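Q: One-letter residues, chain by chain:
There are 2 protein chains.
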Amino acid sequence: MVSSERLQANLRELAAIGATEGGGITRLAYGDADWQARLFLIGLMEQAGLQVRCDAIGNLIGRREGRNPAAPVVMAGSHIDSVPNGGNFDGAIGVLGAIEAVQTLAEAGIMTYHPIEVVVFASEESSRFGVATLGSKAFCGELPAAALKIKDKDGITLAEAMRSRGLSPETVGDAHYSSDIKAFLELHIEQGKVLENAGKQIGIVTGIAAPTRIRAVITGQADHSGATPMNLRQDALAAGAEIILLVEQLACAEMACGTVGTTGIVKAEPGVMNVIPGKVELGIDIRSICQDSKQRVVDKLCHEIEKVQARRGVAVNLDILSNEVPVKLPDEMVSVLQGLCDKLQYASMTMPSGAGHDAMHLAAMTPTGMIFIPCQGGISHNPAEWAELSDIAAGTEVLLAAIRQLAAAERTH
Amino acid sequence: MVSSERLQANLRELAAIGATEGGGITRLAYGDADWQARLFLIGLMEQAGLQVRCDAIGNLIGRREGRNPAAPVVMAGSHIDSVPNGGNFDGAIGVLGAIEAVQTLAEAGIMTYHPIEVVVFASEESSRFGVATLGSKAFCGELPAAALKIKDKDGITLAEAMRSRGLSPETVGDAHYSSDIKAFLELHIEQGKVLENAGKQIGIVTGIAAPTRIRAVITGQADHSGATPMNLRQDALAAGAEIILLVEQLACAEMACGTVGTTGIVKAEPGVMNVIPGKVELGIDIRSICQDSKQRVVDKLCHEIEKVQARRGVAVNLDILSNEVPVKLPDEMVSVLQGLCDKLQYASMTMPSGAGHDAMHLAAMTPTGMIFIPCQGGISHNPAEWAELSDIAAGTEVLLAAIRQLAAAERTH
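Protein chains in written order, with this note's numbering: chain A, 99 to 511; chain B, 99 to 511.
These are computed hints drawn from the structure, not numbers from a lab. Relax, there's no trap hidden among the hints.
Same chains, same label: a pair holds when it works inside one copy or across any pair of copies.
Computed list of lysine-lysine pairs in DSS-like fashion (alpha-carbon distance at most 30 Å, straight line):
hint, residue 1, residue 2
1, K405, K291
2, K441, K280
3, K291, K377
4, K398, K377
Keep in mind that this is a model prediction, so the values were computed, not measured.
Go ahead and model the full structure; you've got the sequences and the hints to work with.
A: Structure representation (structure tokens):
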């Protein structure tokens, strides 16, 4: 049995690092709070008997040796970086849950055949660099070299951020995990309302929606807002407003496929009352578990933006920041997790994930399973994010059981 | 005759203070560049024989005594603060032209019956504090005490900005000009394309459009952009986009009245790719020389925003920052300027001003006239702002002639 009390105490202690006024946290990747939180986790991992190392991009990996140190590792983890003023459960429960599972094994004196590794992936949120899951991309050998040049809002590159933490961007390729992995497991809050509405305690993820992210830069003409007649304007913000509504409309038209479209970033220059905005930047995020549906939204958006350009006499430059393919998780992992939920008597259901996760990259390397638990009102990326301790403990029990089953399986051979 | 060479040299020297890379200037009110530029102007004013003083809000006033020091003053001037990365002519030619006129009188040994004052109004642009013409409002006794608490982007209040320049906010009421003014004249670039299109060198302003400025704060719900279905969103930015387009549409519908509507400011929180914006702030500016037309836009906007709120489940808070009434300039001043243009053989036309100016406040105190000269392509509030030296000199000649006529008129009594 995992310890609810310890999970709760650790969650509280972690939530204090980077805490914001409204009860949320800001732990931007490679920022001070992110790094301070890692120190806390290193302590917990060492207490749980894990040997901790840090890979070239800053993924933190704690290893518990198996009876056969050469056997493929069973791995579990998530991330602890956050969006600005984000919640206390996103990522965190996947990391603390995995540590708790190993701590429980240690206390019970259980040795597994396969080694177990707990991983804290670096820079999962795209909040700082505009690109998500940098750590797990590097771990899976999918990080393009150009990513090192991506800049944050303050013009600091990923390479510079890494260097500020003592990491060598030159060796980032070494983060590619070269040993065999038997399976990867990630426990996470749902970040939606499906489990809550269905009254289920555990969601077993069948597939992960992947985002296409687009930066749209609209160039018009900055003119005096009082002396420029309406018919002589090239208003970059009015063009931007049309694009924001297009993203929404086109995603709504694909609602049957669960497709969503969001403009999360808007910046207008010069950004004052008495000047028509001459330049506007938008950050657009389109997601679906159906690649065709997502592509329809992207294609139609590009097509409609051409019309906006022509009609308004503005230039729109589209930069595809990422275009990931939705990931199916293997049926065998879904079956393992379903069997354990039934055995442990947790009400479970299978479901897709609307949000992206580190697990989607791991799925290309190894059989990967994801365990969801409900979060109140589906609210996430928000200080009001909340998961019940009983659900966190249930998710951790399933994670522990899955680790035991997968890591011990060879014993019977 | 005014000196084109001197005007050009002074314009160049002024343009170097707060110069930006693209050839424009940034001289935000009470900022370092604004204050440095004033030092340069004080020097020019003293060379022209003006006695310089600074009033309680920071308006710079240079006085040339008349034969009757007790006679009402003839006043001319404008401002030298700018929008961020603004142009080199907006405001500047009205100040340098007035100084040049006085310098020309001094060199010609002409004494007028009425004293002449050149004024450099503080904080004309709304770029720093969101409210325009702070200096001329205070000069005319129209500045509400609450204005001292208005904050800039960095949270610095007007009172603090004043204090940083050695001014005492407590005495701001003393800026109210108590002596009689015989007339006020302002030379300015048109900031539109009317003169250029009509092939005229001088515009004689018949009325000044006044802005209604609104801050709209939209509160929705910040949720995960991947895991929140389209039908469960309260997207503050999508609501904001509708409002931006409403401002444009409603102003277009009043185009026959010359009404314009602009959203110059948009800020979305938290402003990252993977979170639906939960809060958006818009800065809206609606102007017309017809009060009824402007009010129709404001009323319809408020009405339509109520529908947006209801439909989207967001809250929109509207804050009317300013609501000024369009100003008619007196026929007698228009006649004086028309007569002088004819006499000096400059092609002129009467026209309204779409932009607000310090002159609109002066008009309530004293007969006020405005002289426009063309600016290339109508471009203003932009580094590409350009006025031909020949037009600047022509405008300054008209200004000089008007000052002479108005300041000398009593001599014949």
